[in-house]
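Hey, can you work out the whole structure from these sequences and the hints?
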Amino acid sequence: MRMRVLVVAAMSVFTVEVSADVVDQVLAQYRTQGAGEFNADAGKALWDKSYPDARGGEPRRCAACHATDLHQPGKHTQTGKVIEPMAPSGNPKRLTDIKFVEKWFLRNCKWTLGRECTPQEKGNVLVFLRSQ
Numbered sequence: 001m002r003m004r005v006l007v008v009a010a011m012s013v014f015t016v017e018v019s020a021d022v023v024d025q026v027l028a029q030y031r032t033q034g035a036g037e038f039n040a041d042a043g044k045a046l047w048d049k050s051y052p053d054a055r056g057g058e059p060r061r062c063a064a065c066h067a068t069d070l071h072q073p074g075k076h077t078q079t080g081k082v083i084e085p086m087a088p089s090g091n092p093k094r095l096t097d098i099k100f101v102e103k104w105f106l107r108n109c110k111w112t113l114g115r116e117c118t119p120q121e122k123g124n125v126l127v128f129l130r131s132q
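By my numbering, the letter at position 29 of the sequence shown is numbered 29, and the numbering carries on one by one without gaps.
No lab work stands behind these hints, which were simulated from the structure alone. Be aware that one or more of the hints could be misleading.
Stated by the list, open to error - Simulated pairs of lysine to aspartate or glutamate, DMTMM-like, Cα-Cα distance not exceeding 25 Å: (1) Lys75 <-> Glu37; (2) Lys81 <-> Asp21; (3) Lys49 <-> Asp21; (4) Lys110 <-> Asp69; (5) Lys93 <-> Asp69; (6) Lys49 <-> Glu37.
As the list claims (entries may be wrong) - Label pairs and their computed distance ranges (CB to CB): (7) Asp53 <-> Phe100: 32 to 40 Å; (8) Gly36 <-> Phe100: 24 to 32 Å; (9) Gln29 <-> Asn108: 12 to 20 Å.
Just so it is clear, the structure is predicted and the values come from calculations on it, not from any experiment. The beta carbon of each residue, even a glycine, is placed where N, CA and C say it ideally should be.
Given below as structure tokens:
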């Protein structure tokens with residue numbers, strides 16, 4: 001039993017390190033696209049801010065689906081689908097796949113902000129999520 005606990009603990013540490021490596025790779029890519037220093041507070045502000053939907057005017061924000069407590073599951077406001085926690089510390093699979101991160105930034109930025117996020121905005125959100 002003790003060995004199993006050690007193996008699980010070691011796997012968790014490895015997952016967090018892999019996640020950090022992926023985030024660092026993505027942040028480096030954003031810097032080559034013109035982003036400056038990334039700021040977790042700016043990422044949190046973007047996360048919490050409401051943006052009016054271009055069609056209906058109703059407010060949209062990241063936290064509406066993904067929750068304010070990023071260690072808890074969220075729920076899509078339209079489909080009701082459960083969304084796993086966004087914080088890598090609460091969901092070791094989060095932020096471990098560059099293609100997945102980019103796919104969801106594209107989709108969610110367009111839905112929430114009505115446009116694609118800039119490299120600076122994406123980097124700010126990533127450092128915010130990683131800090132949770």
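Right, here's what the structure says about each hint:
1. A threshold of 25 Å between alpha carbons decides the hint, and for Lys75 with Glu37 the separation of about 31 Å lies outside it, so the pair is violated.
2. Between Lys81 and Asp21 the CA atoms are separated by roughly 29 Å; this puts the pair beyond 25 Å, and the hint is violated.
3. A hinted pair counts as satisfied when its Cα atoms are at most 25 Å apart, and Lys49 with Asp21 does not qualify at roughly 28 Å.
4. The straight-line distance between the Cα atoms of Lys110 and Asp69 is roughly 23 Å, inside the 25 Å bound, and the hint therefore holds.
5. Taking the CA atoms of Lys93 and Asp69, the gap is about 17 Å. The hint holds against a cut of 25 Å.
6. Note on Lys49 and Glu37: the hinted pairing holds, with a Cα-Cα distance of about 21 Å set against a maximum of 25 Å.
7. One distance hint, 32 to 40 Å for the beta-carbon pair Asp53 and Phe100, is violated here, with the actual separation near 25 Å.
8. The hinted range of 24 to 32 Å is satisfied by Gly36 and Phe100, whose Cβ atoms lie roughly 25 Å apart.
9. At about 18 Å, the CB distance of Gln29 to Asn108 agrees with the hint of 12 to 20 Å.
In this structure, the hints that do not hold are numbers 1, 2, 3 and 7, in rising order.
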